[in-house]
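Protein chains in written order, with the numbering used here: chain A, 374 to 698; chain B, 210 to 488.
It cannot be assumed that every hint is accurate.
[Unchecked claim] Estimated spans, in silico, between C-beta atoms of each pair:
#, chain 1, residue 1, chain 2, residue 2, range
1, A, 475, B, 229, 52 to 60 Å
2, A, 410, B, 420, 54 to 62 Å
3, B, 455, A, 489, 34 to 42 Å
4, B, 348, A, 504, 29 to 37 Å
5, B, 310, A, 692, 33 to 41 Å
6, B, 358, A, 592, 27 to 35 Å
7, A, 689, B, 310, 53 to 61 Å
[As the list claims (entries may be wrong)] Under the rule of at most 20 Å between Cα atoms (straight-line distance), these lysine to aspartate or glutamate pairs were calculated in the DMTMM-like manner:
#, chain 1, residue 1, chain 2, residue 2
8, A, 591, B, 310
9, A, 693, B, 365
10, A, 693, B, 368
11, B, 371, A, 695
12, B, 346, A, 593
13, A, 492, A, 502
14, A, 591, B, 286
15, B, 344, A, 593
16, A, 581, B, 421
17, B, 260, B, 303
18, B, 344, B, 368
19, A, 579, A, 593
20, A, 581, B, 237
21, A, 579, B, 286
22, B, 367, A, 502
23, B, 468, B, 259
24, B, 369, A, 695
25, B, 260, B, 421
If you're looking for bench data, these hints aren't it; they were derived computationally from the structure.
Model, not experiment: these values are computed from the prediction.
Heads up, the beta-carbon is just placed ideally off N, CA and C, and yes, glycines get one too.
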Amino acid sequence: MATNPFERAGSSGTITRPPSGGELTTDSVFRGIAYVCAALIVVLTALILWELGKEAMPAISKYGLGFWYGTTWDVNKGVFGVLPEIWGTLYSSLLALLLGGVFGISIAIFLTQDFIHAKLAVVFRTIVELLAAIPSVVYGLWGIYVLIPMIRPGAEWLHQHFGWVPFFSTDLSGPGMAPAALVLAIMILPTVAAISVDAFRRIPYKVKEAAYGMGTTKWEAILKVMLPTASSGILAALVLGFGRALGETMALAMLIGNANQINLSLFAPANTLASLLASSFPEAGGIEVQALMYAALVLLLITFIVNVAGLAVQQYTVRKFEGKA
Amino acid sequence: MNAPASDMTSVSDFIAEPYVTQGSTVIDCNVKKIFYGSFLAVRDSFVPIEKNKITAFIGPSGCGKSTVLRSLNRMNDLIPIFRFEGTVNYHGQDIYAKGVDPVVVRRYIGMVFQQPNPFSMSIYDNVAFGLRLNKFKGNYDEKVQKALERAALWKEVKDKLKNSGLSLSGGQQQRLCIARAIATEPDVLLMDEPCSALDPIATRQVEELMLELRERFTVALVTHNMQQATRVGDTTAFFSVDISQGGRTGYLVEMGPTKQVFEDPQQKLTKEYVAGEFS
Numbered sequence: 374m375a376t377n378p379f380e381r382a383g384s385s386g387t388i389t390r391p392p393s394g395g396e397l398t399t400d401s402v403f404r405g406i407a408y409v410c411a412a413l414i415v416v417l418t419a420l421i422l423w424e425l426g427k428e429a430m431p432a433i434s435k436y437g438l439g440f441w442y443g444t445t446w447d448v449n450k451g452v453f454g455v456l457p458e459i460w461g462t463l464y465s466s467l468l469a470l471l472l473g474g475v476f477g478i479s480i481a482i483f484l485t486q487d488f489i490h491a492k493l494a495v496v497f498r499t500i501v502e503l504l505a506a507i508p509s510v511v512y513g514l515w516g517i518y519v520l521i522p523m524i525r526p527g528a529e530w531l532h533q534h535f536g537w538v539p540f541f542s543t544d545l546s547g548p549g550m551a552p553a554a555l556v557l558a559i560m561i562l563p564t565v566a567a568i569s570v571d572a573f574r575r576i577p578y579k580v581k582e583a584a585y586g587m588g589t590t591k592w593e594a595i596l597k598v599m600l601p602t603a604s605s606g607i608l609a610a611l612v613l614g615f616g617r618a619l620g621e622t623m624a625l626a627m628l629i630g631n632a633n634q635i636n637l638s639l640f641a642p643a644n645t646l647a648s649l650l651a652s653s654f655p656e657a658g659g660i661e662v663q664a665l666m667y668a669a670l671v672l673l674l675i676t677f678i679v680n681v682a683g684l685a686v687q688q689y690t691v692r693k694f695e696g697k698a
Numbered sequence: 210m211n212a213p214a215s216d217m218t219s220v221s222d223f224i225a226e227p228y229v230t231q232g233s234t235v236i237d238c239n240v241k242k243i244f245y246g247s248f249l250a251v252r253d254s255f256v257p258i259e260k261n262k263i264t265a266f267i268g269p270s271g272c273g274k275s276t277v278l279r280s281l282n283r284m285n286d287l288i289p290i291f292r293f294e295g296t297v298n299y300h301g302q303d304i305y306a307k308g309v310d311p312v313v314v315r316r317y318i319g320m321v322f323q324q325p326n327p328f329s330m331s332i333y334d335n336v337a338f339g340l341r342l343n344k345f346k347g348n349y350d351e352k353v354q355k356a357l358e359r360a361a362l363w364k365e366v367k368d369k370l371k372n373s374g375l376s377l378s379g380g381q382q383q384r385l386c387i388a389r390a391i392a393t394e395p396d397v398l399l400m401d402e403p404c405s406a407l408d409p410i411a412t413r414q415v416e417e418l419m420l421e422l423r424e425r426f427t428v429a430l431v432t433h434n435m436q437q438a439t440r441v442g443d444t445t446a447f448f449s450v451d452i453s454q455g456g457r458t459g460y461l462v463e464m465g466p467t468k469q470v471f472e473d474p475q476q477k478l479t480k481e482y483v484a485g486e487f488s
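Chain A on its own, in the form it takes in the complex (with noise of 0.2 Å):
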């Protein structure tokens, strides 16, 4: 234990001591814990992508870039490309976010606004929450069983009428774009309204007041001044809730068609790298396993740029609303 400096500072009555060896002894080994966790993080992520490299090298050296922009994936003559996988993994994932984004943002309104009793809120919270427990192979087979008959006469409808548009060009034969945007919007949905929720709750009661006392109504309130207040908080939850739709496999592996065409149909199949990769993988050999483990590395090339680019403009909204270095 230290010498306490300090020792004839204390009067005869007085009950203030150093801390003792024993609490010194357990900071540092707290401390040591935090770091071997946090070095944990980094020397998993090396590894699977020293792994996926390693895997994928062959495939790499064969194909180099033209892997970004092929559009043929045939394991017979030996040809790979992933463009058309990258296509519809982010207009999928685009899709849905526009979709959960407006859907989560509106109930984390609805949820923290004054709208409903706070203990009603809390039960509302749970369901939204509950949706992130259900496993993605249901939300396949609900897509499946249930949504696709569901909007089936409305897609044919709108390809009837509005064919010329490029989104409605084509006839909704079963899987598709939509049915695969739709699930994958109620499977982020959570995320985003549970971040948002946060978001939300974190402005302090100054700024409400601050903004009824100027003579906003509720909607401006909400509007001109909680939206931007929270507008950090709703970008992490945005940039996480694409994150997630990225990388969601099975759902879509039941969805989206598995089509191998870069079409701006709603109702077209297609495919997405996730889904190629659950898809491909159980019958892949050889060559082909290779060409996965470079798909795989695509993949996480995509979601790595994503949340480092939602990160950079979460940064620049906290720099310029909030006044922070």
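Could you slot chain B onto chain A? The hints should help.
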């Protein structure tokens, strides 16, 4: 903290002598009872607010001075359990009458709060907020500059209007909030302990500002600082708290010209309070 026991016997039915204003009255506030749930927070207080004067509300903690101030523009409506009995006549219209939208009331009667609460947007947007809200069509830059000048903040921020309002210091933030409140030229400005989070220099600046604002607006000010009331208050309303019934109910003890309230108080309780015998 608490009032001395001297006039315990009569305190629960004491009602202050109504103060008759010399000039014209902008807000005629007649509180009968203010409740938070079943808790009686303030009773029987008649507080007229005079035009182009600064009316200071003073009194010990829990005397209801803030509650009364916040009742003047229906800020308390944000609290669901709040209930107001009485009338607040503003230009002859009871703002608590049925069919009166509190949003409209708050646009004419602005407010500055205890804690600086700028919005998380740029300095310019903070000041322009009320202008946009009221669909002002005209020169925004000019109005923003004028409000910031009046709030004695223009020189410090004129080169960084695009920076966030939250990047300013506490005193600057409070003056920004004042600029935001006066940009739309409201009729009355309510200030709820606007200097309690400020250092003495910023306090002095805000006080000078209040004296200037008096020329154009009517100001009602809650302050915990008796010197502040004497420095800026034209009229002073002294509230106290009645604990004789087991609750803590605030009520108006005395209201009059500031000089009279501090130098020749009519009530024993006022005399004791301004002499610093309790706070």
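Verification of the hints:
1. At about 58 Å, the beta-carbon gap between residue 475 of chain A and residue 229 of chain B stays in the expected band of 52 to 60 Å.
2. The beta-carbon spacing between residue 410 of chain A and residue 420 of chain B, approximately 59 Å, falls within the hinted interval of 54 to 62 Å.
3. Separated by about 35 Å at the C-beta atoms, residue 455 of chain B and residue 489 of chain A satisfy the suggested range of 34 to 42 Å.
4. Look at residue 348 of chain B against residue 504 of chain A: about 50 Å separates their beta carbons, and that is not inside 29 to 37 Å.
5. Range check, residue 310 of chain B to residue 692 of chain A: about 37 Å between beta-carbon atoms, so the 33 to 41 Å window is met.
6. A C-beta distance of roughly 32 Å is found between residue 358 of chain B and residue 592 of chain A, which places it inside the suggested range of 27 to 35 Å.
7. Separation of residue 689 of chain A from residue 310 of chain B is about 38 Å and departs from the stated range, judged on CB atoms against 53 to 61 Å.
8. For the hint pairing residue 591 of chain A with residue 310 of chain B, the CA-to-CA distance comes to about 12 Å; that is within 20 Å, so the pair holds.
9. A C-alpha spacing of about 19 Å is found between residue 693 of chain A and residue 365 of chain B, which places the hinted pair at or below 20 Å, so the restraint holds.
10. Under the criterion of a C-alpha separation no larger than 20 Å, the hint pairing residue 693 of chain A with residue 368 of chain B is consistent with the structure, at around 16 Å.
11. A hinted pair counts as satisfied when its Cα atoms are at most 20 Å apart, and residue 371 of chain B with residue 695 of chain A qualifies at roughly 12 Å.
12. Proximity of residue 346 of chain B to residue 593 of chain A is assessed by CA-CA distance (about 18 Å); at most 20 Å being required, the pair is judged to hold.
13. For the hint pairing residue 492 of chain A with residue 502 of chain A, the CA-to-CA distance comes to about 16 Å; that is within 20 Å, so the pair holds.
14. For a cut-off of 20 Å, the pair hint linking residue 591 of chain A to residue 286 of chain B stands: about 12 Å separates their Cα positions.
15. Annotation: proposed proximity of residue 344 of chain B to residue 593 of chain A holds, straight-line Cα distance about 12 Å (limit 20 Å).
16. The suggested pairing of residue 581 of chain A with residue 421 of chain B is violated, with an alpha-carbon distance near 28 Å, which exceeds 20 Å.
17. About 17 Å separates the Cα atoms of residue 260 of chain B and residue 303 of chain B, which keeps this hinted pair within 20 Å; it holds.
18. A distance of roughly 26 Å separates the Cα atoms of residue 344 of chain B and residue 368 of chain B; the hinted pair therefore is violated under the 20 Å criterion.
19. A C-alpha spacing of about 16 Å is found between residue 579 of chain A and residue 593 of chain A, which places the hinted pair at or below 20 Å, so the restraint holds.
20. Pair hint residue 581 of chain A plus residue 237 of chain B does not hold up; C-alpha atoms about 27 Å apart against a cutoff of 20 Å.
21. This hinted pair checks out: residue 579 of chain A and residue 286 of chain B have alpha carbons roughly 15 Å apart, not beyond 20 Å.
22. Among the hinted pairs, residue 367 of chain B with residue 502 of chain A is inconsistent with the structure: their alpha-carbon atoms are about 47 Å apart, more than 20 Å.
23. With a CA separation close to 16 Å, the supplied pair residue 468 of chain B and residue 259 of chain B stays within the 20 Å bound.
24. Restraint check for residue 369 of chain B and residue 695 of chain A: the C-alpha separation of about 14 Å stays at or below 20 Å, so the hint holds.
25. Proximity of residue 260 of chain B to residue 421 of chain B is assessed by CA-CA distance (about 14 Å); at most 20 Å being required, the pair is judged to hold.
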